Amino acid sequence: MDARTQEFLAYVQDGGQVEATDWLPEEYRQKLIKFIEMHGNSELMGVLPEREWILKAPTLQRKLALTAKVQDEVGHAQLIYRVAEDLGKPREEIFADLLSGKAKFHNVFHYPTKSWGDVGVIAWLVDAAAIISQKALLKCSYAPYARIMKKICWEESFHILHGRDVILAMMTGTDSQRALVQEALDRWWAPLMQFHGNPIPRDEDPMWLWRIKSQGNEEARQQFLEGYVPQIWELGLTVPDPNLRRGDDGVWTYSEPDWDELKSVVTGHGPRSQERLAFRARFLEQEKWVRDTVLAA
Amino acid sequence: MSARSDLLLSLADDELIVGWRDSEWTGIAPTLEEDVAFSSIAQNEIGHARALYELAAAELGTNADALAFDRTPDEYRCAPLVELHLLEWAHTIARRYLYEEADRVRIDALMRSDDSELAGLAAKIDREETYHRLHAEMWAERLRDEPRFRAAVEELWPYALGVLEPELRPELARRVGLETAAAKERGEHTPDLAELWSEMTEVRRSEPGAEW
Amino acid sequence: MTVFEVFRQERKGQPFAHAGSVEAPDAAFADAWAREQYGRRGESAALWLVPRGSIHAITDWADEFDLKYRRVDGYSIKARLKEARERALGPAAESR
Numbered sequence: 071m072d073a074r075t076q077e078f079l080a081y082v083q084d085g086g087q088v089e090a091t092d093w094l095p096e097e098y099r100q101k102l103i104k105f106i107e108m109h110g111n112s113e114l115m116g117v118l119p120e121r122e123w124i125l126k127a128p129t130l131q132r133k134l135a136l137t138a139k140v141q142d143e144v145g146h147a148q149l150i151y152r153v154a155e156d157l158g159k160p161r162e163e164i165f166a167d168l169l170s171g172k173a174k175f176h177n178v179f180h181y182p183t184k185s186w187g188d189v190g191v192i193a194w195l196v197d198a199a200a201i202i203s204q205k206a207l208l209k210c211s212y213a214p215y216a217r218i219m220k221k222i223c224w225e226e227s228f229h230i231l232h233g234r235d236v237i238l239a240m241m242t243g244t245d246s247q248r249a250l251v252q253e254a255l256d257r258w259w260a261p262l263m264q265f266h267g268n269p270i271p272r273d274e275d276p277m278w279l280w281r282i283k284s285q286g287n288e289e290a291r292q293q294f295l296e297g298y299v300p301q302i303w304e305l306g307l308t309v310p311d312p313n314l315r316r317g318d319d320g321v322w323t324y325s326e327p328d329w330d331e332l333k334s335v336v337t338g339h340g341p342r343s344q345e346r347l348a349f350r351a352r353f354l355e356q357e358k359w360v361r362d363t364v365l366a367a
Numbered sequence: 002m003s004a005r006s007d008l009l010l011s012l013a014d015d016e017l018i019v020g021w022r023d024s025e026w027t028g029i030a031p032t033l034e035e036d037v038a039f040s041s042i043a044q045n046e047i048g049h050a051r052a053l054y055e056l057a058a059a060e061l062g063t064n065a066d067a068l069a070f071d072r073t074p075d076e077y078r079c080a081p082l083v084e085l086h087l088l089e090w091a092h093t094i095a096r097r098y099l100y101e102e103a104d105r106v107r108i109d110a111l112m113r114s115d116d117s118e119l120a121g122l123a124a125k126i127d128r129e130e131t132y133h134r135l136h137a138e139m140w141a142e143r144l145r146d147e148p149r150f151r152a153a154v155e156e157l158w159p160y161a162l163g164v165l166e167p168e169l170r171p172e173l174a175r176r177v178g179l180e181t182a183a184a185k186e187r188g189e190h191t192p193d194l195a196e197l198w199s200e201m202t203e204v205r206r207s208e209p210g211a212e213w
Numbered sequence: 016m017t018v019f020e021v022f023r024q025e026r027k028g029q030p031f032a033h034a035g036s037v038e039a040p041d042a043a044f045a046d047a048w049a050r051e052q053y054g055r056r057g058e059s060a061a062l063w064l065v066p067r068g069s070i071h072a073i074t075d076w077a078d079e080f081d082l083k084y085r086r087v088d089g090y091s092i093k094a095r096l097k098e099a100r101e102r103a104l105g106p107a108a109e110s111r
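Protein chains in written order, with my numbering: chain A, 71 to 367; chain B, 2 to 213; chain C, 16 to 111.
Just so you know, the hints here were simulated from the structure itself, not pulled from any lab data. Being a predicted model, the structure only gives us computed values, none of them experimental. All C-beta atoms in this analysis are idealised placements derived from N, C-alpha and C, irrespective of residue type, glycine included. Worth double-checking, as some hints may not be accurate.
[What the hints assert, rightly or not] The list that follows gives simulated cross-link-like pairs (lysine to any residue, SDA-like), each with its CA atoms no further than 25 Å apart:
| id | chain 1 | residue 1 | chain 2 | residue 2 |
| --- | --- | --- | --- | --- |
| 1 | A | Lys220 | C | Val65 |
| 2 | A | Lys220 | A | Ile103 |
| 3 | A | Lys358 | B | Leu135 |
| 4 | A | Lys172 | A | Asn313 |
| 5 | A | Lys159 | C | Ala42 |
| 6 | A | Lys221 | C | Ala99 |
| 7 | A | Lys221 | C | Glu98 |
| 8 | A | Lys358 | C | Arg56 |
| 9 | B | Lys125 | C | Tyr53 |
| 10 | A | Lys221 | C | Glu79 |
| 11 | A | Lys205 | C | Val65 |
| 12 | A | Lys358 | B | Thr202 |
| 13 | A | Lys358 | C | Phe22 |
| 14 | B | Lys125 | C | Val18 |
| 15 | A | Lys184 | B | Thr202 |
| 16 | A | Lys184 | B | Arg206 |
| 17 | A | Lys220 | C | Lys83 |
| 18 | A | Lys184 | B | Glu156 |
| 19 | A | Lys221 | C | Ile70 |
| 20 | A | Lys358 | B | Ala211 |
| 21 | A | Lys104 | C | Val18 |
| 22 | A | Lys221 | C | Glu101 |
| 23 | A | Lys174 | A | Lys209 |
| 24 | A | Lys220 | C | Asp88 |
| 25 | A | Lys205 | C | Arg55 |
[As the list claims (entries may be wrong)] Listing some non-contacts, in silico: residues in chain A with all C-beta distances to chain C over 10 Å:
| id | residue |
| --- | --- |
| 26 | Tyr81 |
| 27 | Gly86 |
| 28 | Gln141 |
| 29 | Arg152 |
| 30 | Ala198 |
| 31 | Gln252 |
| 32 | Ala260 |
| 33 | Ile302 |
| 34 | His339 |
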């Protein structure tokens, strides 16, 4: 590592932040772009499973709330991609890499949704897992990214409440509705446990070393379990892991997640990966004329 | 059913169905920025529908959700324009533009109504519609010379006329700059509505009477 | 396409703070898009949209000589104030 990069590393490890116009080591810039890209892609692809249920929302209030929630996710993608663009990667290139499989998006968005139960579980628990990761970005060494995270975290707080409200309506409803929630939870548990990534020690995580993230993977997962398992259990729902328990030291232990599944899914082999990428490609292609003619000014 | 309820349901059904159609663009609009803006329009429309259903529900002794979701397709009073499956941008903007123009003509009339409750709601809707109109006009201006947009406007024109009562159609024609023509009248639904209704009410019908 | 920087005023009377940016073909689109991205929840009293190219940034300074006389921390009055007070109280203090 050259002296200038060394100085930069020391600066960010000391809590220093940088702006878009500052000199950035190439390694830092590339890692940052890749990380931010994956985040933006995840917001974008996360829209697709939820979009279906906007159309099927069973009350006017739920339709409004779900449309607003998903609108936020699209807005987040815009905020995030703008940061990546200012780092030097144009949006067309970001989309091309997403569709070709070169760039990834988070595991949870590669899975199918089957019922309104999924709508609740996604908004309550998947968004909760995401917000934990997002809070760990609030002090990102790259200031433009840290700043948008503030708006993102603020908006995500509504999503979790909305999710909880959807779940509670079903849990206080009919037996079939309660069964929908349990069934959805049974399917989403494994992806949720994989979501924060395999537990590499913080000191071996480049995202921590460059102070892009302020938290290691396992720390995030523990925070999720600590916050949300009690909420799950208090509703009489069961978690499909007989080994899940909280130790006296406050540390949660659980069955080892399937890290091979995670790797396979994020590299595009999830149950809905290709279908969703194809859907996105279809509309990008269909409206290309709008961007090329009308919006190119 | 009174003439008032009938009118309220026509207005509400138009807003609900056009709002549902506009919400189909969530996540797939030409740009992310447009996606966010377009979603607000869809939400506003659903909000208008809800307010209109609530007025009708008070008269009919039911609630807004029951009116929005628990009727059969034949019982809806929406105009064919809003039912059409048009998941293509030029057609979508053409519908937005024509619907906003037609809606403005009818809202202007409603704001002058003796029915103070309805006139008040129309005024509220009108204030929000200002932004819908700005948006539609902005896009229509940009697409003015685009052949597929002009073709879409021509194709949807008879449907646009059908949104309004006959006496209001000349005003719409004047504003849009097209000749009045035979309208696709309200009263006969397109095949697109049945498919839309099936998807829209799928969860609701899975557990009739349940709270969600 | 132009990048418009968005400045947001949270409540009337407060300063406008930089909130992000929107890329748009012109001011009309920037308006339509920014108002939803930064105001759909009624969270902003006002927005300013400024084409990025119109912003002239200043990030470097020449700070070679002591400028503390221009700032509050350039003044240390404690010692002299103590002395002046003692002098003012002096004759009264001696007679006690």
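Evaluated hints:
1. A:Lys220 <-> C:Val65: Since the Cα atoms of Lys220 of chain A and Val65 of chain C sit roughly 22 Å apart, the hinted pair holds (cutoff 25 Å).
2. A:Lys220 <-> A:Ile103: 19 Å, holds
3. A:Lys358 <-> B:Leu135: Holds, because 23 Å separates the two Cα atoms, which is no more than 25 Å.
4. A:Lys172 <-> A:Asn313: 36 Å, violated
5. A:Lys159 <-> C:Ala42: 24 Å, holds
6. A:Lys221 <-> C:Ala99: Violated - the C-alpha atoms of Ala99 of chain C and Lys221 of chain A are around 53 Å apart, more than 25 Å.
7. A:Lys221 <-> C:Glu98: Violated, at about 53 Å.
8. A:Lys358 <-> C:Arg56: The hint is violated at about 30 Å.
9. B:Lys125 <-> C:Tyr53: 22 Å, holds
10. A:Lys221 <-> C:Glu79: With a Cα-Cα distance of about 39 Å, the restraint between Lys221 of chain A and Glu79 of chain C is violated, given a limit of 25 Å.
11. A:Lys205 <-> C:Val65: At roughly 29 Å apart (the allowed maximum being 25 Å), Val65 of chain C and Lys205 of chain A break the hint.
12. A:Lys358 <-> B:Thr202: 33 Å, violated
13. A:Lys358 <-> C:Phe22: Violated - the C-alpha atoms of Phe22 of chain C and Lys358 of chain A are around 30 Å apart, more than 25 Å.
14. B:Lys125 <-> C:Val18: Violated, because 34 Å separates the two Cα atoms, which is more than 25 Å.
15. A:Lys184 <-> B:Thr202: The given pair, whose Cα atoms are some 15 Å apart, holds under the 25 Å limit.
16. A:Lys184 <-> B:Arg206: The given pair, whose Cα atoms are some 16 Å apart, holds under the 25 Å limit.
17. A:Lys220 <-> C:Lys83: 35 Å, violated
18. A:Lys184 <-> B:Glu156: At roughly 37 Å apart (the allowed maximum being 25 Å), Glu156 of chain B and Lys184 of chain A break the hint.
19. A:Lys221 <-> C:Ile70: Holds, at roughly 23 Å.
20. A:Lys358 <-> B:Ala211: The given pair, whose Cα atoms are some 43 Å apart, is violated under the 25 Å limit.
21. A:Lys104 <-> C:Val18: 22 Å, holds
22. A:Lys221 <-> C:Glu101: Violated, at roughly 56 Å.
23. A:Lys174 <-> A:Lys209: 24 Å, holds
24. A:Lys220 <-> C:Asp88: Cα-Cα ~33 Å, so violated.
25. A:Lys205 <-> C:Arg55: With Cα atoms ~23 Å apart, Lys205 of chain A and Arg55 of chain C stay inside 25 Å; holds.
26. Tyr81: 16 Å, holds
27. Gly86: Given that every Cβ of chain C is farther than 10 Å from that of Gly86 of chain A, nearest at about 15 Å, it holds.
28. Gln141: The claim breaks: Gln141 of chain A does not keep its Cβ more than 10 Å from every Cβ of chain C (closest is about 8 Å).
29. Arg152: Non-interface label on Arg152 of chain A violated, nearest chain C Cβ at 5 Å vs cutoff 10 Å.
30. Ala198: The assertion about Ala198 of chain A holds, with a minimum of 21 Å to chain C.
31. Gln252: 33 Å, holds
32. Ala260: 35 Å, holds
33. Ile302: 29 Å, holds
34. His339: The assertion about His339 of chain A holds, with a minimum of 34 Å to chain C.
Violated hints, in rising order: 4, 6, 7, 8, 10, 11, 12, 13, 14, 17, 18, 20, 22, 24, 28, 29; the structure is consistent with all others.
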